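K.L.:
Sequence lines, in order, name chains A and B. Per my numbering, residue 62 is the first one in the first sequence, and the count goes up by one each step. Per my numbering, residue -11 is the first one in the second sequence, and the count goes up by one each step.
Rather than coming from a laboratory, the hints here were simulated on the basis of the structure. A couple of the hints might just be wrong.
[As the list claims (entries may be wrong)] For the chain B half of the interface with chain A, some residues (derived, Cβ under 10 Å), not all of them:
#, residue
1, Gly16
2, Gly56
3, Ser70
4, Pro75
5, Leu87
6, Pro302
7, Ala304
Fair warning: this is a prediction, and the values are worked out from it, not measured in the lab. Note that beta-carbon positions come from the ideal geometry of N, C-alpha and C, so glycine has one too.
If you want the building blocks of each chain, they are given just below.
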Amino acid sequence: MVALWSAVRRRSFDSDRLVAVALALIVAVPLVVFVLLPLAAILERSFATPDGFGLDNYARYFSNDTFVGIIWNSLSVSATTTAITIVLAFWFAYALHRSAMRFKQVFRLIALIPLFAPSLVQALGILFLFGRNGLINRTFDLGIDIYGFWGIVISDVFYSFPHAFLILSAALAVADARIYESAEMLGAKGARVFRTVTLPATKYGLMSATFVVFTIVMTDFGNAMVIGGDFNVLATEIYNQVSGQANFEMGAVVGMILLIPAALAVIVEKWVMRRQVAVIGERSQPLSIRPHRRFDLAMLAYAAFVCACILMVVGMVFYASFVTLWPWNMAPSLKHYTFDVQNGIEPLWTSIWVSLMAAGIGMVFVVGGAIVVDRFRNPLTRALYFLSILPAAVPGMVLGLGYILAFNDPANPIYVIYGTIVILAICNVYHYHAQGFLIATTSVKQISGTFDEASKCLGAGLLRSLRKITVPIIMPSIISIGVFFFMRSMVTLSAVIFLVTPKTQLAAVSVLLIDDSGNHNQAAAFSVCIMFIVAMAVVALHFLMRLLGRRGTGLAQ
Amino acid sequence: MFLQLRNITKRFGAVTAVRKVSLDIEEGLFVCFVGPSGCGKTTLLRLIAGLEEPDEGDILLHGRDLTGLPARKRNFGMVFQSYSLFPNMTVAENIAYGLETRHWTRDALSARVREMLALVQLDDQAHKLPHQLSGGQQQRVALARALAPEPRVLLLDEPLSALDAKVREELRGEIRSLQSKVGVTTIMVTHDQDEAMEMADRIVVLNAGVIEQIGTAVELYNAPATRFVAEFIGRMNIVALPGGQGGAFAALRPQGGIDGDRNLIGVRPEHIQWVSGQDAGDAFIGEIERSVFLGNVTRVTVAVEGQRLLVELPGAATDIGPGTRLSLRIPPEAVHRLAERRPPGGED
Chain A
62 MVALWSAVRR RSFDSDRLVA VALALIVAVP LVVFVLLPLA AILERSFATP
112 DGFGLDNYAR YFSNDTFVGI IWNSLSVSAT TTAITIVLAF WFAYALHRSA
162 MRFKQVFRLI ALIPLFAPSL VQALGILFLF GRNGLINRTF DLGIDIYGFW
212 GIVISDVFYS FPHAFLILSA ALAVADARIY ESAEMLGAKG ARVFRTVTLP
262 ATKYGLMSAT FVVFTIVMTD FGNAMVIGGD FNVLATEIYN QVSGQANFEM
312 GAVVGMILLI PAALAVIVEK WVMRRQVAVI GERSQPLSIR PHRRFDLAML
362 AYAAFVCACI LMVVGMVFYA SFVTLWPWNM APSLKHYTFD VQNGIEPLWT
412 SIWVSLMAAG IGMVFVVGGA IVVDRFRNPL TRALYFLSIL PAAVPGMVLG
462 LGYILAFNDP ANPIYVIYGT IVILAICNVY HYHAQGFLIA TTSVKQISGT
512 FDEASKCLGA GLLRSLRKIT VPIIMPSIIS IGVFFFMRSM VTLSAVIFLV
562 TPKTQLAAVS VLLIDDSGNH NQAAAFSVCI MFIVAMAVVA LHFLMRLLGR
612 RGTGLAQ
Chain B
-11 MFLQLRNITK RFGAVTAVRK VSLDIEEGLF VCFVGPSGCG KTTLLRLIAG
39 LEEPDEGDIL LHGRDLTGLP ARKRNFGMVF QSYSLFPNMT VAENIAYGLE
89 TRHWTRDALS ARVREMLALV QLDDQAHKLP HQLSGGQQQR VALARALAPE
139 PRVLLLDEPL SALDAKVREE LRGEIRSLQS KVGVTTIMVT HDQDEAMEMA
189 DRIVVLNAGV IEQIGTAVEL YNAPATRFVA EFIGRMNIVA LPGGQGGAFA
239 ALRPQGGIDG DRNLIGVRPE HIQWVSGQDA GDAFIGEIER SVFLGNVTRV
289 TVAVEGQRLL VELPGAATDI GPGTRLSLRI PPEAVHRLAE RRPPGGED
């Protein structure tokens, strides 16, 4: 009783407590509405039957051989692509970090190019080379049929390559020279050192990359759509069910199936991350790379080959965009840049607006979420953390379908923005919420908590501390998060494909539709514009950072 | 009384960081909380600052209860170990921060910032960013920032521990003279007893969340209440008096025998006398194990009946070395009777 009384007495009114709760709610409510609700809608719909709830939809799905075959297709494409990508990306990262070859910076830049393009651009490039009317097929009359399994695999290797490369690069960049020296002192030679030292040290990086690539391929929609032909995978099947046949129940079932590998991948990645920590200790010595002529030359040749392939695929798209009519009239022409198609250049502008909006919303809500979770510890924050990283386990196609099921209903208040570019921007923010949130959290964690305390002691409330100290200090990260959302929104296809209307056509979706209608050159021109805008955003970020850097040095205390 | 703590207890999970601490602080004094790491001194400071809330007990300022009042409304200036200067603001902006939150007028604000800059002698650094300053300069800015809004109490959390020895020495004097000039009641946390003795009007010795003793440097040195204080402030020989009759320390045994708990005595090394021969009746013999020349004194470790005594002899006692037998004497007035430890919440 006494304890209770003293607890009551201590709860004297403090407006900061109110502000903290209010801020937590401001970031929590949209997460519930735009992540949890759509998922719940899919779950509900997948069990919906004409007379209530049941497993009917699942039973129908698994009794149909075609449908079961699609699962198999997805798995085999993903497994094959993952195996190839991991090997290629590992050696590429190895060449960059463990050889003394030249041109490393250039190679690195080229390897990241596929990140700047929508997931269907790789397939587009491959088709310009190996398609029915592809350059190589026609020149040498090889009769290669690239449509289907191998087409998707090759395109997705290009698409997933930079993701794998970045993860493996991080794993290979850190190494403790002392272990390598010990191995050498003990008489181990090249291959043995690799097997006994290098591989174990990068084990977690390899696992993480494997799962990330597997998920990317499994949930990729664009490449499979463009080059898949009659070969259906889960991501295209969900689109066929929903957009083609308006069969939402079946779409929901496919969505649920698609959730499994992605969710698994996230869980495994989390598990791996927790184990990763101890590779490098405080007393580790950085590895110094000594030149080995033959090894370096071999690595140079390999890296150059990989980069040539990437450049070739992107280059074909670039080339095709300047050709009059592939493959019949190869005369150079600028006519595709006049965008003489339905809607004209409008979708590109729509994409830019949506991306800017997503960047704005992302900067406020994602950074806000990271601050709330890291700084105001209260019962809400654990749930908030979980909600914030949950989207990592939700493939775009599933999220997009969830938005239809949850919000395409005049009774829902969100319906007001349904069919506008606002819902597209919001969808992109929550689609990539987990990645943005992790970047933000990392940078919020770097700010010493005593800044907040110092500010408090100087009489500042929570909002003033945020405005005057926390936000200015992490401004560089906030800007990169904005650019991150801009880039993803420019190139994403999977979630928004369900949400675009003729009035809110996006550039990436346009590429798909225009290519589908046979106007490949026009599709290429659109792709080039998207890549150009994304590249400009990256350049802008670079210069902004340098500008901010002047005042921002020595920020981390 | 100016600032009063009454029966303050603070727990972190299963750990009790501060246990029923009561303390009165007079206005205008410079008080040091001193103790080993983990003794609860920083927690106590943070409780006073309002950065933590006590589980039990009250904090009163001029008799008014502060409990539940958030830090930002207390107007207590705080200086952190890591300085915590806002890295995105210049020196002047840092100092002005606490004035802006309290809505000082433009003129008053800029006048106060100039005044503070002059006070810490950083007039020419006003427009630099914190990372462009040395550690000592940063800490002076932190002081200026804390003092600018005319705080009712100034709290310093190990303000010197991040600095190198030379700068630390300088700043000790500087902080002390600054405090006298401004006259603000100041509480400083430190683990360094020399720092506490040099700077404080009152020293509060904390151990395991409990106050062991409060007093001036002289009081703590000359009359330590507990074994912990005796060993923490300066050097002290702790001698366990054996029961029974006779022996080297027979003369030190209190009249009426040993009452179990109080069989510990403390003797400062410099108070043990080296006597020639056995002319004094209460002298005893010890054998030198080790002898270290320290300049002004020679510190000698002497074995006496299985116990070790540290003895400081003035000047260079070069003619004695290990194995030498010395005749020593402990004057009765040099004997401190020590409690093993102080119970929580005990009165002084």
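K.L.:
Tell me, which hint numbers fail for this structure?
P.N.:
Of the numbered hints, 1, 6 and 7 do not hold.
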